[in-house]
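This note's numbering numbers the first residue of the sequence shown as -19 and each following residue consecutively.
Calculated directly from the structure, the hints in this document are not laboratory data. Incorrect hints may appear among the rest.
Derived EDC-like pairs (lysine to aspartate or glutamate); straight-line CA-CA distance at most 16 Å [as the list claims (entries may be wrong)]:
id	residue 1	residue 2
1	K(-13)	E61
2	K106	D117
3	K60	D71
4	K21	D71
5	K38	D(-6)
6	K60	E72
7	K21	D(-18)
8	K58	D71
9	K88	D117
10	K(-13)	E20
11	K106	D47
12	K10	D(-6)
13	K58	E72
14	K38	E57
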Amino acid sequence: MDTLVNKLRYTFPDIIFSIGNTFSWSPATKTISYPNNVSEKTVGAWSLLHETGHAQLKHTNYSLDIDLLLMEVQAWEKAKEIGLLTGYNIDENHIQDCLDTYRDWLHKRSTCPRCGLVCLQTTPQKYNCHNCQNIWDVTASRFCRPYRRMNAKNQKKPLQKHNTSSTTFL
-19 MDTLVNKLRY TFPDIIFSIG NTFSWSPATK TISYPNNVSE KTVGAWSLLH
31 ETGHAQLKHT NYSLDIDLLL MEVQAWEKAK EIGLLTGYNI DENHIQDCLD
81 TYRDWLHKRS TCPRCGLVCL QTTPQKYNCH NCQNIWDVTA SRFCRPYRRM
131 NAKNQKKPLQ KHNTSSTTFL
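Could you put the whole structure together from the sequences, leaning on the hints where they help?
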């Protein structure tokens, strides 16, 4: 990783590069951490370029889950640009695999635990279902399994079917 890290330090002198346990960007300290025991040839380099993308875009935090996905897409786009400057070509399949983890996370969090419809987030930790009016909370962490806890006022309400003509709505 030393060759790429040195290129990035030279190109982006305002960013601190520090050996750590995982690849991460800290906007508070303007530091990119990276494990030194990964290959510079592929995934390790791509991950480092991705974190540099976050740094260059000055990503700090997000309010809604969809904002995180958007930031990840932007960071990968920026990583491809930085890769061209430093002689690295990031595999598009790798990018899509990484983005799929965020898409899957978002899908699980946004799926109504009562009726199964994918719904809209209304606050950083709350989703509302426009189909069955269920409201559920999600954790603020993006690193843990997506648990959905229904609010107490919604737990007793049964799912009702409404008949209109010959159509049934759930």
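Agreement of K88 and D117 with the hint, judged by alpha carbon distance not exceeding 16 Å: Roughly 12 Å separates the two Cα atoms, so the pair holds.
Pair hint outcome, K58 versus E72 [Cα-Cα no greater than 16 Å]: holds (13 Å)
Holds or violated: K60 to E72, with C-alpha atoms at most 16 Å apart: Holds: K60 and E72 sit about 9 Å apart, inside 16 Å.
Proposed proximity, E57 with K38 (alpha carbon, max 16 Å): Measuring from Cα to Cα gives roughly 14 Å; hence the hint holds.
Pair hint outcome, K21 versus D(-18) [Cα-Cα no greater than 16 Å]: holds (11 Å)
Given pair status - D117, K106, alpha carbons within 16 Å: The given pair, whose Cα atoms are some 5 Å apart, holds under the 16 Å limit.
Restraint status (C-alpha distance of K60 to D71 at most 16 Å): holds (9 Å)
Satisfaction of hint between E20 and K(-13), Cα-Cα up to 16 Å: holds (12 Å)
16 Å limit on alpha-carbon distance, applied to hinted pair K10 and D(-6): Satisfied, since the Cα-Cα distance of roughly 8 Å is no more than 16 Å.
K106 paired with D47 [C-alpha distance capped at 16 Å]: holds (15 Å)
16 Å Cα cutoff - pair K(-13), E61: Holds. K(-13) to E61 sits at ~14 Å (cutoff 16 Å).
Restraint status (C-alpha distance of K58 to D71 at most 16 Å): holds (14 Å)
Hint violations for this structure: none, all hints satisfied.
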